[in-house]
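Chains as they are written, first to last, in my numbering: chain Z, 1 to 247; chain X, 1001 to 1074.
Be careful, since some hints might not be right.
[To be verified] Keeping only pairs whose Cα atoms sit at most 30 Å apart, straight-line, the calculated DSS-like set for lysine-lysine is:
1) 134/Z - 212/Z
2) 1068/X - 72/Z
3) 1021/X - 127/Z
[Stated by the list, open to error] Part of the chain Z face toward chain X, derived, beta carbon under 8 Å:
4) 77
5) 126
6) 130
7) 175
8) 200
9) 203
10) 205
For the record, the hints were derived by calculation from the structure and aren't laboratory data. Heads up, the beta-carbon is just placed ideally off N, CA and C, and yes, glycines get one too.
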Amino acid sequence: MTDIHPIALITGASRGIGKAIATELAAAGYHLVLVARNEVLLNELARELAALHETKAWVFSTDLLQPDAATKVFTFLQQNNVQIDALINNAGIMQNATLMMTTEEMIDDQLGINLRTVLTMSRAAVKHFVRKRKGCIINMSSIVGVNGGIGQAVYSATKSALIGLTHSLSKELGPLGIRVNAIAPGYMMTNMTAQYDDAHNEKMRMATSLRKLGSATDVAKLATFLCSSDASFITGQVIGVDGGLLI
Amino acid sequence: MTDAFTDALMIDKEQVHDALKYQSIPNWDSISHMVLITNIEAAFDISLGTDDVIAMSTVAIAKEIIAKHGISFS
Chain Z
1 MTDIHPIALI TGASRGIGKA IATELAAAGY HLVLVARNEV LLNELARELA ALHETKAWVF
61 STDLLQPDAA TKVFTFLQQN NVQIDALINN AGIMQNATLM MTTEEMIDDQ LGINLRTVLT
121 MSRAAVKHFV RKRKGCIINM SSIVGVNGGI GQAVYSATKS ALIGLTHSLS KELGPLGIRV
181 NAIAPGYMMT NMTAQYDDAH NEKMRMATSL RKLGSATDVA KLATFLCSSD ASFITGQVIG
241 VDGGLLI
Chain X
1001 MTDAFTDALM IDKEQVHDAL KYQSIPNWDS ISHMVLITNI EAAFDISLGT DDVIAMSTVA
1061 IAKEIIAKHG ISFS
C-alpha cells in the first residue's frame, strides 16, 4: 500500500466520534481499519465509505475489554498484509457515578477500555511505525481529563492518564519519526452524551464561549489534520475541541 | 542477523558478537532496541512477543529467541 492511500486504524469506529473520524479520513483518501464491537454497524460504515470515496476498509469486530484484543487485531492485520500509518485510540466508555457509588466493575471497565486498550494497541502499532520511521497516534482524551468533573472520578482519571501517556510516548517515539497527540473534546452531541436531557444540554451550551455545542465532525476534522503531513511538526500536544467550554 | 544489528545500532559488523549486551554501548539504547526488534521480525518473517522483546538482551539470546521460531544459525 502506498502513501497515496495511507491506512488508519480507528477503535470505536462504529458510531459517534469514531465514525465521524472514519468518514473524514475516508474523504481525505485514507483506507481504514475499523474496530469496534458491533460488526453490523462496522460493515454498514465500510459499505457507505466504499460507495462514497472508494475507501478500502478492513472490519474487525472485537470486545476491546478482552486482554488479548490488541493481539487479535494486529494478527488480523498481519494475516491481511496491512501496515497502518495512523492509530486513532478513540474507543471509550463513560460511566458517571460519584466515587462512593462506583462499583469495581465500573472501575475495571473504564480502566480497561479507556486506558489499558490504548496502551496495548499503541504497543502493537509501534512496530508498524518503527519499520517506516513514521507514524501517528491520536489518543482521545477529554476536557474532564484536564479539568475533572463531578461524578467522573474514574472516567476523568483514565482521560488524564491518556494525557500523561501522550506526553511520554511523544518523547519516546519522536526520535523514530512517530508523532503522538491527544484530543480533548468538550461537550459534544454524540451517543455518549445522549443520556443527558435538553435542560442539561442548554446549560452546557451557555457555558461554552461560542454558545453552541460541538459535533463529532468537529473532532474528526482535527484528527484528520493531525494525521496529515500538515501536522508533521506537531507532537506531544493535547488539543481541546470544546468551543471554549468552562467546567 | 548481523545486518539487523548493524542497521539498528549503526555499528560495524565486527562489533556484533554473542556477548554484545543491551545498553553496554551507547548505540544499543531503548530507541535502537525497537528498531532492532522490527529489523529481526522483517529479516526472519517472525513476530516477537513482548516477553521476547524484553528478554533479547544480548546477541546470543537474540539467536536463541530466533531459533525458537525454527531458524538455525550455523
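Would you pick out the hints that fail for this structure and give their numbers low to high?
Numbers 1, 4, 8, 9 and 10, in rising order.
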